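*Asks:* Sequence:
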Amino acid sequence: MNDGTDHGTGHGSRAGRGNGAPPSTRTAPLPGMPSPATPGRTREDRTDDGSRPHRSADNGRSPRPRRTRRRRAVRLAALLLAALVASSVGTYVWADTELDQGVDLGALPDRAPAGKGTNYLIVGSDSRAGLSEQARKDLRTGSAEGRRTDSMILLHTGANGTTMLSLPRDSWVTVPSYVRPETGRSYRAEPDKLNAAFSLGGPDLLVRAVESNTGLHVDHYAEIGFAGFVGVVDAVGGVDMCLDRDVRDPNSGADLRKGCQTLDGAAALAFVRQRKQEAQGDLGRTRNQQKFLTALAAKAVTPGTLLNPARSFPTLGAGLDTLVVDKDTDLRDLMTLFRAMRGVTAGGGRQLNVPVSDPALATSKGSAVKWDDRRARTLFTELRDDRPVTLPRER
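In the numbering used here, the protein residues as written are -9 to 385.
Derived from the structure by calculation, the hints contain no laboratory data. Since the model is a prediction, treat every value here as computed from it, not as a measurement. In this text, a Cβ means the ideal position worked out from N, Cα and C, and glycines have one as well. One or more hints might be untrue.
[Said to hold, decoys possible] For lysine to aspartate or glutamate, the following EDC-like pairs were computed, each having C-alpha atoms within a straight-line distance of at most 20 Å:
| # | residue 1 | residue 2 |
| --- | --- | --- |
| 1 | 281 | 320 |
| 2 | 248 | 230 |
| 3 | 360 | 348 |
| 4 | 360 | 209 |
| 5 | 317 | 209 |
| 6 | 281 | 239 |
| 7 | 317 | 100 |
[As the list claims (entries may be wrong)] Now the in silico label distances, taken between C-beta atoms and shown as ranges:
| # | residue 1 | residue 2 | range |
| --- | --- | --- | --- |
| 8 | 350 | 236 | 34 to 42 Å |
| 9 | 236 | 365 | 32 to 40 Å |
| 10 | 149 | 59 | 48 to 56 Å |
| 11 | 92 | 234 | 38 to 46 Å |
| 12 | 233 | 356 | 26 to 34 Å |
| 13 | 164 | 96 | 18 to 26 Å |
| 14 | 235 | 338 | 23 to 31 Å |
| 15 | 371 | 318 | 23 to 31 Å |
| 16 | 175 | 100 | 16 to 24 Å |
| 17 | 235 | 322 | 35 to 43 Å |
| 18 | 97 | 320 | 16 to 24 Å |
| 19 | 245 | 178 | 44 to 52 Å |
| 20 | 362 | 322 | 35 to 43 Å |
Required output: the full structure, derived from the provided sequences and hints.
*Replies:* Quick look at the structure:
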């Protein structure tokens, strides 16, 4: 008689097996007994401690730890690159929105017709904005009021490379008619030094004077003051310069020895401003300015500066403090400008002074620089038409 209890050998147990298939459930092993092997895997597939052994290279499978390390390295590199790009893009966007685009070239009257290629007017002003009284003493900038220029460079880029053309600030030119914004009084066109145009009418009158005396259309304007210049040089870690003689000028504060050295912001400003020791005065100074600016551009556009947020951010910040550009100039145009200047250093262009017939012309406004009209006119025509420049390179 069946009492209803299943003893494992009765009829109910055999019915669960049906056609003799193995049981569908597995029981836990008794203490001290090994675990039953998983179907399809032998006990040799595990080590004594129960972990899986590493596959040998003989079976065609590379070790898992090595592949994992490689993947981690790739991921880390990708994350670092993404962070670098994001930081650089953020810096670029910030700097682009901070530009002082206070010059409206499109509103100027009597513009020179546009030629071929692109022309940048680069102005180094003697603005003391951003300098403390102590900084003015240390840099020997003085405390002159008003606006003057310490350098003017017309940079042309086109199919025949880059030409950096210095325009001496004492150039004797015809300053166009203008209206003084402070008084509303009108003044007719008259001969004067090129620097006077900037002093009397700021960037607007300076651009008009450059265009009317050269026939070249100015596409972009960029101006930087003393504080910005010093800040940029310091932010890039100084600029390497090799001097062929000692340079000492008590007026600018220059005290440099012959040979190769790294100039910080203060030393660089003193170097580009000094002219008392130059045999050709202002013309000699313009050559020094060109030489230094190309070296600065070469340093500023290196990957170590552009792709390093710790350096590119201070560089842009320092320059933006006193940088003034026209409404159509953005950060991309400024980078193009710096790359063109760097190209001059690499042999992709030339550095020139406007041809001069008399570097010490006596005028009613003091000693001035008289251009060689015939040679200067030929040079300006070549630049306007973007033709190869025939004027010899400066030494």
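*Asks:* Going back to the hint list, which numbers does this structure go against?
*Replies:* 1, 4 and 8
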